[in-house]
Amino acid sequence: MSEFKQTFNSSLGKKLIMALTGLFLCTFLIVHVGGNLLLFKHDDGFAFNSYANFLTHFPPIEVIAYILYFFIILHSVYALVLTIKNRRARPVGYAVTTKSPTSWSSKNMGLLGSILLLFIVIHMGDFWFTYKYKDILPFKEYRTNLATNETTVSEYKPEVPTFERSISVENNVEIVRVKDLHSRIQWSFSHLWYVVFYVIAMFAVSFHLLHGFQSAFKTLGWVHKKYDGIVSFIGTWLFAVIIPLLFALMPIVYYFQSLGK
Amino acid sequence: MSHENMNLTLKVWRQKNTQTPGKFVTYKAEGISPDMSFLEMLDVVNESLIKKQEDPIHFDHDCREGICGSCSLYINGRPHGPKRAITTCQLHMRSFNDGDTVTIEPWRSAAFPVIKDLATDRSAFDRIQQAGGFISVNTGGVPDANSTPIPKVVADEAFNSATCIGCGACVAACKNASAMLFTSAKITQLGLLPQGQPERWSRVQAMVKQMDKEGFGNCTNTGACEAECPKEITLMNISRMNNDFFSAKLFREEHTHDHSGNG
Amino acid sequence: MSLNANIPQGPLAEKWSKHKFNLKLVNPANKRKYNVIVVGTGLAGASAAASLAELGYNVTAFCFQDSPRRAHSIAAQGGINAAKNYQNDGDSVYRLFYDTIKGGDYRAREANVHRLAENSVNIIDQCVAQGVPFAREYGGLLDNRSFGGAQVSRTFYARGQTGQQLLLGAYSALNRQINLGKVKMYTRHEMLDVVMIDGHAKGIVTRNLVTGAIDTHAAHAVLLCTGGYGNVFYLSTNAIGSNVTAAWRAHKRGAYFANPCYTQIHPTCIPVTGDHQSKLTLMSESLRNDGRVWAPKTVEIAKKLRNKEITASQVKEEDRDYFLERKYPSFGNLVPRDVASRNAKDMADEGRGVGTSGFAVYLDFADAISRMGEDTVRAKYGNLFDMYYQITDENPYKQPMRIYPAVHYTMGGLWVDYNLSTNVPGLYALGECNFSDHGANRLGASALMQGLSDGYFVIPYTLGDYLATIGPKPVDKNHPAFAQTKQDVLDNVNKLLSLKGNKTVVEYHRELGHIMWEYCGMARSKEGLTKAKAMIKELKADFWKNAVVVGENEELNLSLERAGRVADFIELGELMVTDALMRNESCGGHFRIESQTEEGEALRDDENYAFVAAWEFKGENQEEELHKEELVFENVKLTQRSYK
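Residue numbers (our numbering), protein chains in the order written: chain A, -5 to 255; chain B, 1302 to 1564; chain C, 35 to 678.
It should be emphasised that the hints constitute simulated quantities derived from the structure, not laboratory data. Every value quoted in this text rests on a predicted model; they were computed, and no experiment measured them. C-beta atoms are modelled at their ideal positions from N, C-alpha and C, and glycine is treated no differently. Any given hint could turn out to be false.
[Stated by the list, open to error] Keeping only pairs whose Cα atoms sit at most 25 Å apart, straight-line, the calculated DSS-like set for lysine-lysine is:
1. B:1352 - C:337
2. B:1352 - C:579
3. B:1453 - A:93
4. C:337 - C:350
5. A:219 - B:1453
6. C:350 - B:1384
7. B:1514 - A:-1
8. C:537 - B:1329
9. A:93 - B:1317
10. C:579 - C:534
11. C:414 - B:1352
12. B:1312 - B:1353
13. A:8 - B:1317
14. B:1514 - A:79
15. C:414 - B:1384
16. A:101 - B:1384
17. C:218 - B:1510
18. B:1317 - C:414
19. B:1384 - A:8
20. A:220 - B:1312
21. C:218 - B:1317
22. B:1453 - C:414
23. A:93 - B:1353
24. C:534 - B:1329
25. B:1353 - C:574
26. B:1352 - C:432
27. B:1510 - A:-1
28. B:1353 - C:537
29. C:579 - B:1353
30. B:1353 - C:529
31. B:1352 - C:529
32. C:218 - B:1514
33. B:1353 - C:534
34. A:79 - B:1384
[Claimed, not checked] One-sided and incomplete, this derived list gives chain B residues near chain A with beta-carbon spacing under 7 Å:
35. 1377
36. 1379
37. 1398
38. 1400
39. 1404
40. 1409
If we strip away everything but chain A, and leave its shape as in the complex, we get:
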């Protein structure tokens, strides 16, 4: 076996993969939540739709996106492999188990991860796949008067089915025609069960990262008295509170907006 293969087949190597992919996914979440904050902009999805279009058409991002998908799969597969191995390590269980002084999340990473995987599949199927591979989304046309900076919006029917996006300027008016993911989001988040599912998933994100982020540092051996406080602070507040909260607010806000219409 080659040195690398040996390394990654060892127990510690598998942990290393879990930690590295996990941390990568954490950094992705920062980007993702940052971009999605555009949903809170009252511009009929202009910024958001442009952003969605940018993400799917800018080649470096596309490359990173495929790395991301690969890492999600890798993280899940290794989690599965490790779980099977861990189960085998204790073929006969205990008759009595008491509440041990360890955190709930650390003991339920598999459950939380499974919820997240299901969520990711549904989430991507609903938005990413629909956006990229299904021609069922409508288009919107945003006209911005460059002098007054006022924007109007209207439906747009592309002439060819392969149409993606266009930007043109006519008479000092910028015309942006783009696929309307925003309307899809509005539609999805108008269903209560869907919103509830998202909120549950964000709880799962919270608890998964509450343990996962700090755990990754431990696995990598990046542990030091002087920095443990910072890692723990970021892991708790940014990844287990702020990010899941912001994500969860999106469906909730859209749901209440849909009630108002």
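Here the structure of chain A is known, so what remains is to put chains B and C in place on it, guided by the hints.
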């Protein structure tokens, strides 16, 4: 906390040998003094069993002062019983109340097969240490003990790891039956000291390799091991081991030193 | 008959170096043709097995525990002596030698003890090289503390678990050799006999404690490193499994047993609480560095304390008798163990003992805490205080500890010559298993030193001499002696298993312990010992009639294991009493009430008893025969020990 003698109900795992399946058997432990140690309470039960010509409950024990690491026992869902930082032999019956039911199970791990009743085979720990848990110096011909000063903080930190008694409570407590706390404590002790540096990178590889071979589970940084360790060895050891292992595997040129003697 | 200890000629300080030169060597290529059996993997066994394997011998090692690391050396707390003189306080090899000879009440061999002191400095070097984490000063150098019987600080320590750290060092060296294939390790195997061919030890018989398999193992030499026999007293600080069986079976095959009555009663143990007690726990001697031992001045106050009408801290300063400081102003609380123990016993006998039983005195840290602060005391002794709290449920930071002497170590053991060879060629005894270096009383922190000296620095030289003499011809395992000895072991096992009476072996053990403690403990008399001898004989007969052993051989069987060990303890007990009766003098741990000074100190009789008593087994239920090895003192003057 009780000061009168008490009566307890014991649910004890009985298993004739590794091959035969086991089961729980209920015993009464009567007239137990709160000053007895937990093992002395079992002695009382065993004496009465032997008097009835019945097979006594087998469990490992030896020094009965918390240092040899022989005693084990998963008592009411916790290795070494309900109190922190002690072994079963140091647990006293004043931690229980009259009328309590106490469930006693062996360590559960594929790598620690049950030999009989509550006694398990922990030789996997020996093999992990045989793989590299040493500094290769022969007897004689070593420098004066004071020739290498070691900062007190480093010596103390190494000592904290060295306090491990090899009882296996970490494996028993871990939901994955992982032996990483044990293995890492041994690696860390030698890895921190200047004497351990020449073999630092080969040692960590050899010991991790053996640990994997023994069929222990993996670490998920849950921390049950450190919570149940009678010597309060910390998770920090595992992080140190990880770091050394990755450094050794990914950034060091030396290959795994062949400890088998053929190299 | 006089015994030849093979002590080399010449000046004391040169004996060992000269002897090493005179010993025959086995050439490196031939070493691999020799097999050596090491029984026991404590400090002596693990260090010997590792060192011999490093030299190239094929070693087979055995322990009854589930791992070599669990041998009872692991439980030593306080430290290990070495004449390093790192503290610049006037220590030297000669001073360590002198302190040890004196501490042993002039009943040890000069040459052995001097060699021990010489080796002590190498031991520390060796252990540090192995990664043993001794306590260090802030400057990074090794720290020392004081122990009883010495006025210099020469004790190296590793918190309160020096034994574990030293054993883990030796165990790691052993592991390395197991990994290299030079040592074959058998755990959960108990040695039950020695195989003798033409008067030489050529192998052993073992029982696999898991499967019950009785096997024979052949070798050119057999090393017994099986520890002491303190458990003959039932209650001791030894591990439950510690036993005399290997040494006793060797004794029955011809090896002499020396000074069996020399028992060390350690002064600072946690007192007995009741009949249920299975063992006693030691509180390290190091506590006497800062703790002050006292008992109430009057019987009345002691009574109030026993009845819990008042607490220890309520006893006024003028009502306390710091009896060790009072009687021994220059050594104070750090007098040797035998002296401290006997004084504690005197307090109890006078009715001044405390605790519910009245068998305890106080070890008080109030002064130390007010002088150094609770944090410093915690840093120094925290783990011992915790241990005390776990067992007694009393907080030693608030109340003084209650302590009482308990059996801790046995200076007696198999007789060995200067080469650590028993009188049976090919059979060696190392560590606590032999009788050699401590005389009639062992000083604190010297047991670890002796075990490692024997294993690391003596046997690797002396064994070669014997092996070179007998040559590397393989031992013939088909020799009928192997089958015969195996059959003897099987017969004995079956005899034990056939016991179906109504008394458990533990009950016999406890009874034996009571007899030994009562009549062969801290104070011994002709009358008591004579009585004890008759009682033990009776107990033995009763054991083989009414004991009960359950289960079968072919399984893990604690009942059977214990039965064999207790049967041997009963026989040993009788020999101890015989020895104590013979030695009509007081020396060190052996205190005959007929022989004391006016002040009640042990009074030696150098004219008649300056010898090692080596006993020869003459057959079942026969009186053993005494052989004397005269002790010759050329360098120290025999004086009445004084620690005043």
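Comparing the hints with the structure gives:
1. B:1352 - C:337: Roughly 39 Å separates the two Cα atoms, so the pair is violated.
2. B:1352 - C:579: This hinted pair holds, its Cα atoms lying about 15 Å apart.
3. B:1453 - A:93: Violated. Residue 1453 (chain B) to residue 93 (chain A) sits at ~38 Å, over the 25 Å cutoff.
4. C:337 - C:350: Satisfied, since the Cα-Cα distance of roughly 15 Å is no more than 25 Å.
5. A:219 - B:1453: Holds, at about 18 Å.
6. C:350 - B:1384: Not OK: residue 350 (chain C) and residue 1384 (chain B) at ~36 Å, beyond 25 Å, violated.
7. B:1514 - A:-1: Holds, at roughly 16 Å.
8. C:537 - B:1329: Within the cut-off at roughly 21 Å; holds.
9. A:93 - B:1317: Roughly 30 Å between the alpha carbons, so the hint for residue 93 (chain A) and residue 1317 (chain B) is violated.
10. C:579 - C:534: 8 Å, holds
11. C:414 - B:1352: Cα-Cα ~46 Å, so violated.
12. B:1312 - B:1353: 19 Å, holds
13. A:8 - B:1317: Measuring from Cα to Cα gives roughly 37 Å; hence the hint is violated.
14. B:1514 - A:79: The hint holds at about 12 Å.
15. C:414 - B:1384: Since the Cα atoms of residue 414 (chain C) and residue 1384 (chain B) sit roughly 23 Å apart, the hinted pair holds (cutoff 25 Å).
16. A:101 - B:1384: 22 Å, holds
17. C:218 - B:1510: Roughly 22 Å separates the two Cα atoms, so the pair holds.
18. B:1317 - C:414: Roughly 46 Å between the alpha carbons, so the hint for residue 1317 (chain B) and residue 414 (chain C) is violated.
19. B:1384 - A:8: 34 Å, violated
20. A:220 - B:1312: Violated, at about 47 Å.
21. C:218 - B:1317: Measuring from Cα to Cα gives roughly 28 Å; hence the hint is violated.
22. B:1453 - C:414: Holds - the C-alpha atoms of residue 414 (chain C) and residue 1453 (chain B) are around 14 Å apart, at most 25 Å.
23. A:93 - B:1353: Violated, at roughly 37 Å.
24. C:534 - B:1329: 24 Å, holds
25. B:1353 - C:574: Holds - the C-alpha atoms of residue 574 (chain C) and residue 1353 (chain B) are around 22 Å apart, at most 25 Å.
26. B:1352 - C:432: Measuring from Cα to Cα gives roughly 43 Å; hence the hint is violated.
27. B:1510 - A:-1: Within the cut-off at roughly 13 Å; holds.
28. B:1353 - C:537: 10 Å, holds
29. C:579 - B:1353: 17 Å, holds
30. B:1353 - C:529: 20 Å, holds
31. B:1352 - C:529: Roughly 18 Å between the alpha carbons, so the hint for residue 1352 (chain B) and residue 529 (chain C) holds.
32. C:218 - B:1514: Satisfied, since the Cα-Cα distance of roughly 21 Å is no more than 25 Å.
33. B:1353 - C:534: 10 Å, holds
34. A:79 - B:1384: 30 Å, violated
35. 1377: 6 Å, holds
36. 1379: 6 Å, holds
37. 1398: 16 Å, violated
38. 1400: Result: violated, 17 Å to nearest chain A Cβ.
39. 1404: Hint on residue 1404 (chain B): holds, closest Cβ of chain A at ~5 Å, below 7 Å.
40. 1409: Nearest chain A Cβ about 5 Å off; hint holds.
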